[in-house]
Amino acid sequence: MTDLTPTTAFGVSAPRDERHGALTLSERTDIALATLALRAGTEPPTALPEPGEATDAAVWLAPGQWMLMAPGEAETDFAARVAATAPGCSVTEQTDGWVIVDIDGPAAAIETLRERLVNLPPSALAPGRGTRTVLHHVGIIAIRPAPDRLTIMAMRSYAGSLWHALATAADRTT
Amino acid sequence: MKRIDGGLIDRSQPMNFRFDGRRYSGFAGDTLASALLANGVTLMGRSFKYHRPRGVMTAGSEEPNALVELRDGARREPNTRATMAELFDGLTATSQNRWPTLGFDALAVNDLFAPFLTAGFYYKTFMWPQAFWEKIYEPIIRRAAGLGSLSMLPDPDAYDRGYLHCDLLVIGSGAAGLAAALTAATAGAEVVLAEEDFRLGGRMLAETERLDGTPAHEWVAETEAALRGMPNVRILPRTTVFGAYDHGIFGAVERVGDHLERAAVRQRIWRITARRSILAAGAIERPIAFAGNDRPGVMLAGAVRTYLNRYAVAPEGRVAVFTSSDDGHRTALDLIATGVPVLAVIDPREDAPRFGDYTVMAGATVTGTIGRKALKAIEVTAADGSADWLECRTLAVSGGWNPTLHLSAHHRGKPAWDDTIHAFVPGGELPPGMSVAGGAAGKGGLASALADGADKAKQALKALGIRAKRVDLPGAEDAPAALSPVWHIPGKGRAWVDFQNDVTVKDIALAQRENMVSVEHLKRWTTLGMATDQGKTANVTALAVMAELTGKTIPETGTTTYRPPFSPVSLGALAGGDPGKHFRPTRLTPTHHWAEARGAVFVEAGQWLRAQYFPQPGETHWRESVDREAKAVRAGVGLCDVTTLGKIDVQGPDAGAFLDRVYSNGMASLAVGRVRYGLMLREDGIAYDDGTCARLAEDHYVVTTTTANAGLVYRNMEFARQGLFPDLDVQIVSSTDAWAQIAVAGPKSRDLLTRIVDDADLSNEAFSFMACAAVTVANGLRARLFRISFSGELAYEIAVPARYGAALMARLMELGADLGVTPYGTEALGVLRIEKGHAAGSELNGQTTAAMLGLGRMVSTKKDSIGAVLSRREALAADTRRLVGLSPIDPEARVVPGAHLFAETAERRIDTSEGWITSACHSPHLGHSIGLGFLADGAARMGEIVVADNPVEGGQIRVKVVSPHFIDPEGGRQRD
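The listed protein sequences derive, respectively, from chains B and U. Each residue of the first sequence is one higher than the one before, starting from 1 at the first, in our numbering. Each residue of the second sequence is one higher than the one before, starting from 175 at the first, in our numbering.
Just so you know, the hints here were simulated from the structure itself, not pulled from any lab data. Where a beta carbon is used, it is the ideal one built from N, C-alpha and C, also for glycine. Mixed in with the good hints, there may be bad ones.
[Unchecked claim] The following label-pair restraints were derived from C-beta to C-beta distances:
no., chain 1, residue 1, chain 2, residue 2, range
1, B, Pro-51, U, Glu-872, 26 to 34 Å
2, U, Pro-330, B, Pro-147, 30 to 38 Å
3, B, Ser-123, U, Glu-396, 26 to 34 Å
4, B, Ala-57, U, Asp-932, 27 to 35 Å
5, U, Gln-633, B, Asp-148, 36 to 44 Å
6, U, Asp-932, B, Pro-147, 41 to 49 Å
7, B, Ser-123, U, Gln-896, 25 to 33 Å
8, U, Lys-636, B, Thr-24, 43 to 51 Å
9, B, Ala-40, U, Arg-797, 49 to 57 Å
10, U, Lys-636, B, Ser-123, 17 to 25 Å
11, B, Ala-62, U, Leu-886, 15 to 23 Å
12, U, Pro-313, B, Pro-147, 54 to 62 Å
Sequences and hints are given; from them, build the entire structure.
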């Protein structure tokens, strides 16, 4: 076990967690990430979401490509474990490539937030759905795991700008 | 004017406000205009050019006259239409374009010079000297003939944006809009209903018409309640749809907090994507041009009804109506019903009807007015030509109604002329998916509008594939219109057509005589239809006058172009919520906070912030810091965060073959565990990016790009993968942010890394120059180690998961203290690479080839790659300019990038320029300034002296052409 001390995308030791308006924004540093892409003639090692869909464990990104998510495994070599179980697939470590923010609160406030942030019809972020899109000029992955939760992922280096955009919009929800 | 009983205002909520410093009161539900009228204030502004006193003319967004400055201090908003400003307690408004006061305006002297201030006045008068225009004439004109003034302070309010998607967007909530929204919503369609006003209902709030025997506004309230109860309906009051854009996208601005003294959000821009849309924006009444028709007290007949019925504000004193249709007679009837005596209805029609107990002057016209700050009397010329002055305080004018078709023409559809209503109606090609209903389509009668709204909604539902359900609409009747159009009354005095821009019939006539007959020329020559109201009350009348003058029909005369925005949109709303630091996103490196704590100075590199240098105590100039950092690298070991360089993970059985086609040099032949420098060309053969490519496994490479081009290279590679070479089995994904990457450079870098890499054997034999490997550091943390060098020294780059980046940097600093480890920034990085002669962005500037960079042999002829063939085309291949080093003859002289290179004896002109300097710096290693540049036939001119001339900043120096490798040209340092 390494004796180096990790920092979050915001450069501190503890995940960021704040309440804004009717919503709570929580940084998730525990989720391990890896992209999985199918090679010619390979099948997905397990059932993976259809385009526009997301589960707790995966979100569709592009034809034959998914982002796999494993809560609690961020400190492990998740990509290596996935690669071992997915022969014939291209697997890339992404754990620290993304800042992940869970937005929790009443469904109505989450709908309002969605409406202010991303140019998507409500159905694209209905519970169980997820997609890549753009928010405040930042490319993101947006997932709606449940009516009362929206998860936004952006490239780690954008963490400060993403948080500003989310918090500003959330402050205006009631 | 005075307040009477009734109306749709809330008398339980009195509100105080100020206008020009005086205190007044009104009620919730008032606009600033209605509240001022209720307080007897009729003078609300001064005209643009002549500074003539003006009162409110309309009750809507088309208002040309009553423009005020709303609020004060930094929140001051000029050119606000008093008719659109919803009253709130504490509202402050000031009149504008007057000096010193609204009542006495010194610039009203302009009115005396009116004969000179005619159409095209500026163009004719301020012709010479040309140099005077920008500095003298224009500022004077702008000061004298202005609208409101800006606060010149940053806008302290917050603005917001949002996105809506719906089946049907209904624009306008009058009879047609409500019927359409109700019909579509009942059928289950997702409906957005946008209303410019703060209250739904359109003209139904202003008229006394009944629906099924009850006042129309009661049906409005019931319908609104029903719509609000439906989850598939979104009602947006105070929202102006200002533009119809491509693909069913509309721009709308919601005045979220304009009616509040303070609000968290002032305005919100909505981008609405609608599968279908119904434009139900109603119609705008048009004035009649007659002499002196601009005096405060001359109002549109429909506006008089709005103030009377909706705002409970009635004219004081004698009132006359001037109308050329039955519609204007309604004003007389409504006035009489509220007990206001009507002097007469002046109706130019010989057979003018009479609908009630009032005097009708058939065949008569209004031919003049008097009253400086308020109307005192009108001159009425009877059918027999006899003229009489009648005392009169308010004149209600109606020249017919123009459909509010603006949005229907935003895709350049040309409106069509309708001979029955004597107005333009939507025509030509409408924006896809749009239909027009009610008054906006020329069907403004209450019954017609209700029916048309429902019909258009049913058609939209059919197109959407949604089955319509039965909706019961109330019974109504169309009020009679029977318009026989009268555009202007001939006569001597000035008859206003465009009130906001002070354009009269005479100006149009002069423009016609000067051959400005095209409507587009007329607009520019006279300023007709310009400024904040964009001629909403003026344009059609002006066209009619021009048609009459030219002997053409109105449709032959044509309309000017309709463009967004329909009405003014504040720049704050358009700019969105973050005008400052967060206007665009910022990217921070994993060691950003660590560097910040050490006092680093940061520089923007695209969206990234990178440490530029790390000032130490005692260093007073940036170059002291940079020289120290660069020297530390050459003498010991330095650390630099290079995370910003793009990392693209390339995997798959055909990864090597794919990279062979993307890079100009070969990558398939690269051995596992090795790194190769690579060059990428654009399709046209020009070099565009370089970097290293590491082979981690047989089917796994990591491509490194420059910071600036990370996104571009990834996009191009994705395009190549999907579009050019779909037959190759290769997968790519960006992993730039996943890994924190730190350059460890300098002769002691190996010593330092040996202390942190687990079980390290970093000897030259085990890990030679251009090797790479997966390793672990600091007791088991997975890492990637590359032996590559940008500085020319023994150097490595080490990558760890980004969350450990700051800790790795801190640990390296700690472990290297005895080695003199020094963090360095992008400035020292630049110095080191110039000293080594490595190309960077200044050399890869989109104009240079591989050969020019001295990398000609990297364009492999053994394989094809993107840009390879075109790189060999004659024009590029013939370019003899080559990258050279430049050393000043005078060691004190400074080499300046951008300077051009000339032979010593040549005359210095752009056509004798032999090249230019791309990069330059002070070399702490050599102790003088050095540069890199491209020079014609440069490779063959080593030792020659040329002149670097910098005509932009002035100055020229003699420089010696040398190898670009100022440091260790043999490359021994990085290999040993």
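- In rising order, the numbers of the hints this structure does not comply with: none
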